[in-house]
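Protein sequence lines correspond, in order, to chains R and U. Convert by adding 11 to the 1-based position in the first sequence; the result is the number in the numbering used here. Convert by adding 6 to the 1-based position in the second sequence; the result is the number in the numbering used here.
Simulated from the structure, these hints should not be mistaken for laboratory data. Warning: the hint list may mix true and false statements.
[Said to hold, decoys possible] With a Cα cut of at most 27 angstroms, we get these calculated DSSO-like pairs of lysine-lysine:
1) 39/R <-> 91/R
2) 75/U <-> 62/U
3) 106/U <-> 91/R
4) 37/R <-> 106/U
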Amino acid sequence: AQTIHQWPVAEIKAVGSPLSLGCTIKGKSSPNLYWYWQATGGTLQQLFYSITVGQVESVVQLNLSASRPKDDQFILSTEKLLLSHSGFYLCAWSLPGTGGGDTQYFGPGTRLLVL
Amino acid sequence: GDSVTQTEGLVTLTEGLPVMLNCTYQTIYSNPFLFWYVQHLNESPRLLLKSFTDNKRTEHQGFHATLHKSSSSFHLQKSSAQLSDSALYYCALRITGNYKYVFGAGTRLKVIA
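Kindly generate the complete structure, drawing on both the sequences and the hints.
Right under this line is the structure:
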């Protein structure tokens, strides 16, 4: 059974419209959670991370916000999409390891096209 | 700030030849964790290798890498490329005690028959 689910699988949205992407982790207690963005052919850019419910830290400012309303849920959103938001959004989880070497496990991702 | 530099762009190899993908990093911290992630077409990235220990070789699925803090390098190697190795490879850096990851630009490896 898949541990990490992301929804939706893909979206086509208009510039200026709102966006909400979700990620759910099943079977893992208190994981660290991460959001990444990958432009087509581009690198992985970490957007946010959360190590506990209700607390989210921003890594880069891309006019996006994130929330962790439950231990197993991570939400990425914006009120106004920009063309530059197009790309592949990946949620990842890890369990705290020793010395910072915890492996990140990536979800299947959401493809977003902003027109 | 912290950064990771990889072999740029596309590396094309004939099956059976050795693989060497370069990764160097910059950080002011002395205890970085280095990772190699692999992303096959239309898939998500998955961990290939990771290391924290200086001068210790780490191996997985035929690939190996050694973290050299003296040269700030973590090059990925394999003795013999296979067609199934064709993928995008990312080198990444994390500072111990920090939850921020810095990924390199990625190197696309294409193995041809």
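Status of each hint after checking the structure:
1. The hinted pair formed by residue 39/R and residue 91/R fails the criterion: a straight-line CA distance of about 33 angstroms is larger than 27 angstroms.
2. For the hint pairing residue 75/U with residue 62/U, the CA-to-CA distance comes to about 11 angstroms; that is within 27 angstroms, so the pair holds.
3. Restraint check for residue 106/U and residue 91/R: the C-alpha separation of about 26 angstroms stays at or below 27 angstroms, so the hint holds.
4. A C-alpha spacing of about 23 angstroms is found between residue 37/R and residue 106/U, which places the hinted pair at or below 27 angstroms, so the restraint holds.
When held up to the earlier numbered hints, the structure conflicts with hint 1 and nothing else.
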